[in-house]
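Asker: The lines below spell out each chain.
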Amino acid sequence: MGERDIGLEAAQRRDGGGEPAGQGGSGAIIRVRNLKVAFGEKVIMDGLDLDVMRGEILGFVGGSGQGKSVLTRTILGLVRKQRGMIEIFGEDVDRLSPPQRRRLERRIGVMFQQGALFSALTVKQNIQVPMREYLDLPPDLLDELAMVKLDLVGLPQDAADKAPSELSGGMIKRAALARALALDPEIVFLDEPTSGLDPIGAAEFDDLIVTLKETLGLTVFMVTHDLDSLYDACDRIAALADRKVIAVGPLATMLASDHPWLKAYFGGERAMARQPAGKREQSG
Amino acid sequence: MVSVLANIGEAVVRFGRDMVGGAMFLGEVVVGSAAVVLGPRKFRGPSLVNQVELIAFNGAPIIMLISFLVGCIVAQQGIFQLQQFGATAFVVNLVGILVLRELSVLLTSIMIAGRSGSAFTAEIGSMKMREEIDALRVMGLDPIEVLVVPRILALIISLPILTFISSMAGLTGAGLVAWLYGGIGVDTFLARLQSVITWKHFAVGLIKAPFMAFVIGLIASIEGLAVKGSAESLGRQVTASVVKAIFMVIVVDGLFAIFFASIEF
Chain P
1 MGERDIGLEA AQRRDGGGEP AGQGGSGAII RVRNLKVAFG EKVIMDGLDL DVMRGEILGF
61 VGGSGQGKSV LTRTILGLVR KQRGMIEIFG EDVDRLSPPQ RRRLERRIGV MFQQGALFSA
121 LTVKQNIQVP MREYLDLPPD LLDELAMVKL DLVGLPQDAA DKAPSELSGG MIKRAALARA
181 LALDPEIVFL DEPTSGLDPI GAAEFDDLIV TLKETLGLTV FMVTHDLDSL YDACDRIAAL
241 ADRKVIAVGP LATMLASDHP WLKAYFGGER AMARQPAGKR EQSG
Chain G
285 MVSVLANIGE AVVRFGRDMV GGAMFLGEVV VGSAAVVLGP RKFRGPSLVN QVELIAFNGA
345 PIIMLISFLV GCIVAQQGIF QLQQFGATAF VVNLVGILVL RELSVLLTSI MIAGRSGSAF
405 TAEIGSMKMR EEIDALRVMG LDPIEVLVVP RILALIISLP ILTFISSMAG LTGAGLVAWL
465 YGGIGVDTFL ARLQSVITWK HFAVGLIKAP FMAFVIGLIA SIEGLAVKGS AESLGRQVTA
525 SVVKAIFMVI VVDGLFAIFF ASIEF
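Protein chains in written order, with our numbering: chain P, 1 to 284; chain G, 285 to 549.
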């Protein structure tokens, strides 16, 4: 199969992406196969496979230092992989020319753990950075667009001209999400979106992500520690341990798993308190 | 004994890696600059103007002050020593050549390495710590183009200007001391200066300035991007940036001295 075929296939999928939100469409939007990442002698992941389906919220769990963030960064091309294949929108990222790569990056939004807002710019300017880079629009329209994005993530309009240092933790996360959504991406990567938020703020953020998924038809890849997020927001969960994805599926699969780490994770006291809610979701 | 040898070995390996890393980074900067030249749309004008203001405008007073003082000191010492041979007047040759060829560009470069180089490293380093650099990358923006090229360009524009200002301040200081301490009148000082100093001496200082700027900017950027997650790491890289930049400025100045001597400039 030549590269042209892949391109055609990708184009068809892109057309498919134009369907009304919510219908989702099937098939993997991200495919990771046989991935190996190592820093020097230390092997972080080896032989890792993962599919992210179009239109789902995939929660990605794993112990601290197991490489959850590393996988995200590898998919995004920030960390070099030793071996394996990563396909996004049906295109092998290694075979893309730089312009193709840029077009791909346009369709992906990323929210980093600490927000990673540019501290020298205001919130509005932060949201406009990707717009300025890719769109050729007059300033007043850019302002209007930034306000729409602020609204979308539930930030007040007067947050627009504040510096990131003036915002609270929850507002920083929302502003970072607004920036991630600036170019109407199809996939959003969230690195621990609810870490550092109080339970109310975290629950609100989960609701926001679910709402955005349903209204915008987003695919969400979410690295998280937060059991509540896993129970309330995620369609499927993938668990990372022993340098591999050891289990992937809805919550029921996780709860039924025999793997000691998963048993400890989902069988702990904090998780047990959530169990009834989880059961309800299973039957419902 | 063994550990001393091991340390020396490690230092040599580290130096080698620094050199290779520096060469690779130099390549990236050249590619980034080329991208800016080929696609002027990518040129970040406001960022450049802002940086020039920070470096040249805000840096000028302190550089004028230290150059003035060093000019005074050199002139005073020169007069004091030359008096013994009855050759006080030669202090003008001494000061003129020394200030224009070496002192102004060295003082300026060292001051800028400490003032602006450290700021670059800290800025880029803290952006690295907060994942802002990664955020740029995933937006398809090249950190070299966005952060490094405007800063290095601003240094290359600012340093010759500052070197010129430094020269004038140094000569003013020397002239003042020659007049008050050495009894050489201002008109005599200027007349002698005019006969001794050719445009070559003036040019030597200014030619060196952009190279110094490039070295300072390159080292500051490399060290900034080498910052890891912790605050200690930031402090360490800022120190390394200033120390390496000052060291390299003096090495480059030495190379230029050999070069100019051999072409008899």
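Among these hints, one or two may not hold up.
As the list claims (entries may be wrong) - Computed list of lysine-lysine pairs in BS3-like fashion (alpha-carbon distance at most 25 Å, straight line):
id, chain 1, residue 1, chain 2, residue 2
1, P, K244, P, K42
2, P, K263, P, K244
3, P, K36, G, K512
4, P, K244, P, K36
5, G, K512, P, K42
Unchecked claim - Selected chain P positions facing chain G (Cβ under 8 Å, derived; list incomplete):
id, residue
6, E105
7, F112
8, V129
Hints are computed from structural coordinates only; laboratory data are not their basis.
We put the CB at the ideal spot given by N, CA and C, even for glycine.
Asker: For a quick check of understanding: which of the numbered hints are violated here, in increasing order?
Answerer: none
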